[in-house]
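From first to last, the protein sequence lines are chains A and B.
So the first sequence is numbered by full-length UniProt numbering: it starts at 1 and just counts up by one.
So the second sequence is numbered by full-length UniProt numbering: it starts at 1 and just counts up by one.
Don't read these hints as lab results, they were simulated from the structure.
Heads up, a few of these hints could be off.
Copies of the same chain look alike in the list, so a pair counts if it works inside one copy or between any two.
[Stated by the list, open to error] Listed below are the simulated DSSO-like cross-link pairs for lysine-lysine, each with C-alpha atoms no more than 27 Å apart in a straight line: (1) K7 with K256; (2) K199 with K149; (3) K213 with K60; (4) K199 with K302; (5) K144 with K109; (6) K120 with K294.
There are 2 protein chains.
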Amino acid sequence: MTPANYKRIVLNSRPEGEIEPTTFRAETLPLDLKPGADEVLVQVTWMSLDPAMRSYIREKGGYMAPVKIGEVMRSNGLGVVVQAGSQTTHPVGQLVAGSFGWTEFALMKAAEVQTITVPKGAEPLDFLYTLGLSGLSAYFGLKKICDLKPGEKLVVSGAAGSVGSIACQLGKQAGATVYAIAGSQDKCDWLETELGADKAFNYKSPTFVEDFKKVGYVDVYFDNVGGDILDLVLSQLNKGARIALCGAISQYNASKPKGLQNYLSLISQRAKIEGFLIFDYAAEFPVAREELTKGLLDGSIKGKFHIVEGLEQAPSALSLLFSGGNTGKLVVKVSDEPKL
Amino acid sequence: MTPANYKRIVLNSRPEGEIEPTTFRAETLPLDLKPGADEVLVQVTWMSLDPAMRSYIREKGGYMAPVKIGEVMRSNGLGVVVQAGSQTTHPVGQLVAGSFGWTEFALMKAAEVQTITVPKGAEPLDFLYTLGLSGLSAYFGLKKICDLKPGEKLVVSGAAGSVGSIACQLGKQAGATVYAIAGSQDKCDWLETELGADKAFNYKSPTFVEDFKKVGYVDVYFDNVGGDILDLVLSQLNKGARIALCGAISQYNASKPKGLQNYLSLISQRAKIEGFLIFDYAAEFPVAREELTKGLLDGSIKGKFHIVEGLEQAPSALSLLFSGGNTGKLVVKVSDEPKL
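Construct all of the structure, not just a fragment, from the sequences and the given hints.
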């Protein structure tokens, strides 16, 4: 019982700095999408909003090809198969995840969607957060780059975001002392009281720098923000410190990133900065998901969703990531799960 | 037959930027230094001048305590034991290396000087270059940080300096394609014709940036200079690239280092910047020296000394490092080896 038309949101123009009202444009199209033999038609239920999406709309992209003008905006999401090509094995009604984009319906190669089996006690939306790319980023960043040891001082920036909130909790599980950096007192309270951070710092506080200096030497820094906070942490590195560069949200809207001043400390402290992309660890996703699922079900990994309703809200919601307007995982609800 | 007086050079004032005529001051003192039971008196023959010495005279030092105002300037050197305390095992006449400072005579704890046995075919001065901290820095930087593999593209900056010149040659030995960056056409010629660099770039050339871009994606960068060249290389990283931060000579005179703009490429390229200090690998020095000695004796590792005569020339000679006035290893000849 699919509708006659569907909506999608395409890239209309490339913003110089912050996302503008003219950056995206909504389109309504007839729903005449027919899956080929190896394709499925997916009705999108949820969309994930992530900082890296800002890089997709640059002329010169980051690790992925830029979204072209007029193309559907790229994003991960959840959905349900509503029609399946003759050579596919996904049944109609199957819950799936994939890079569906900002659209109510997406025609996808069956090989490019992942079927999802929700563990008892979890919910589908967890596959956009703790069990999705956010949780996996926290997991592999700490595991592959940071080599975090019990008793070490771990700093996590963007700590109230989707990746940061998981990184804080995995850090506590690993026996580290966890210092969280976030952008409001409410977020700091949540990090300390709900997520177990030993101390949370509001970087918008006028005393932030002097407060943070009291942390002393940092062993591991899980960085989601880049910019000034990265530069500050560089001035407080312990010997052999490791910095995992997961993201640099403070810089994504900048046409020219603010330069790092304090990198010479990497020499005297024999320290490293290393970037990573979790796609490189895809073979290990099942093991990681198993551990993350365990934490989710036993309550040792908690989270919070910031839910925005309606596809057409996606552009303004995306800006929340850069203004610090969300706590936890920012998602857009596109539709209820269709009854098939 | 020691003289009645000796000269030394002490720190007189801390420079803001470049080293000034008032930064150091020469002193003449009576040579009444008597070694205690566990000490030796060393007559200094050669002094090594190194970029890191700029950090020793900052108020806030790098990896070592700053030299205090009025103290002898710290430097490594070679010398000969001219008097030995009753509980030392170094015979008078023994060739030694150590942190003697800018002085004609130094009273040293015997445990803090290294006896040197010059291999047949080598000379004492090699212990300030290929077999000294310069050669060891090149060796351990490449071995411990870079994990250089045959066929990879290696870039070395400060390539005509003491560390860089060895790094280029070890890179060739490891099977890499070596791109050298130096500050004059003469240096580039030397690197290409004598040291085997596949291509050398003069960073003072007006077409340097466009020329260097033709190198394409860089697998390993052995960085001695920091600053703009580091930022340029950051924009040309291959996936999984490794940058060994050995030094940042372009920034040592700066009160505020120039910021790195292009560090976000570390994420998309899954790359790292890592600093190192060779003192962490002291246990492996003998093995490294054995390999370096082999290269020195079979001619596969060459070098060039830039010799300045006379202790009193040390301050102005030190500035050569920062103006690019030296090719190869910069040393000061303080005295002939005493006949004892």
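Q: Kindly indicate which numbered hints from before are broken by the structure, ordering the numbers from low to high.
A: 1, 5
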